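Trainee: Next come the chains, spelled out residue by residue.
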Amino acid sequence: DAGVIQSPRHEVTEMGQEVTLRCKPISGHDYLFWYRQTMMRGLELLIYFNNNVPIDDSGMPEDRFSAKMPNASFSTLKIQPSEPRDSAVYFCASSLVATEQFFGPGTRLTVL
Amino acid sequence: AQSVTQLDSQVPVFEEAPVELRCNYSSSVSVYLFWYVQYPNQGLQLLLKYLSGSTLVKGINGFEAEFNKSQTSFHLRKPSVHISDTAEYFCAVTRRGTGNQFYFGTGTSLTVIP
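Protein chains in written order, with my numbering: chain A, 1 to 112; chain B, 1 to 114.
In case anyone wonders, no lab produced these hints; they're calculated from the structure. Predicted model, so just to flag it, every value in this text is computed and none were measured. Check before you lean on any hint, since a few could be wrong.
[Claimed, not checked] Partner residues are not named here, just some residues of chain B that face chain A (Cβ under 8 Å, in silico):
(1) S30
(2) Y32
(3) P40
(4) K49
(5) Q101
[Claimed, not checked] If you want the footprint, here are the derived chain A segments under chain B, 3+ residues with CB under 8 Å:
(6) 37-46
(7) 89-100
Cβ coordinates follow ideal geometry from the N, Cα and C atoms, glycine included.
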């Protein structure tokens with residue numbers, strides 16, 4: 001298996017622009033997680049899905065952030081409008097059971 | 001709710017010396033415990049996990065951890081570190097039986113000095 005795939009790997013955008021991050025989980029995994037990592041706040045869980053349904057989005061910082069999972073093999077995290085404080089590395093992870101999460105390589109977002 | 005405390009944010013150690021990275025957790029229910037490693041500019045990779053059974057768990061790259069229920073700890077150890085072990089290490093906990101939400105610690109940056 002190719003593992004969790006994220007795109008793009010790097011994104012540089014200007015404040016106010018819309019940003020869309022993409023994730024393809026490992027085939028057969030029914031849980032998908034979005035995390036944000038910064039120096040100041042460490043690794044934060046933003047939202048997670050089970051069988052394409054959002055289970056807990058309490059970590060989503062504000063209404064500018066939204067996430068969807070239209071099918072079992074694809075999820076997006078959208079920021080609209082983006083702000084400089086959104087600059088971070090965003091990770092997607094997937095799992096089948098509660099015994100391991102598999103992480104993607106991350107998307108490094110820079111908002112100027 | 002579950003939480004994880006990693007007591008050391010940075011640990012410098014000389015090459016071939018032993019190292020211990022400390023992790024304490026709090027939970028009112030039974031848990032699974034994990035250590036992940038993150039090399040520069042990469043995602044997190046599982047080092048080892050405790051699910052049940054023997055409290056001494058062996059992982060990849062010569063690392064091991066011991067689950068201590070009475071002290072609610074899950075410290076990571078390696079008897080002799082290598083330069084390539086320089087990385088960020090995260091301890092995580094999840095509740096047994098329900099859901100897959102992991103709670104991560106703030107990470108420990110291990111620097112191996114030649």
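Trainee: If a hint holds in the structure, say so; if it does not, say that too.
Mentor: To see whether the hints hold, each was checked on the structure:
1. S30: 12 Å, violated
2. Y32: 6 Å, holds
3. P40: 11 Å, violated
4. K49: Holds, because the Cβ-Cβ distance from K49 of chain B to chain A comes to roughly 6 Å (cut-off 8 Å).
5. Q101: 6 Å, holds
6. 37-46: holds (count 3)
7. 89-100: The restraint on the region 89-100 of chain A holds, since 7 of its residues have a Cβ under 8 Å from chain B and three suffice.
Violated hints for the displayed structure, listed by number in ascending order: 1, 3.
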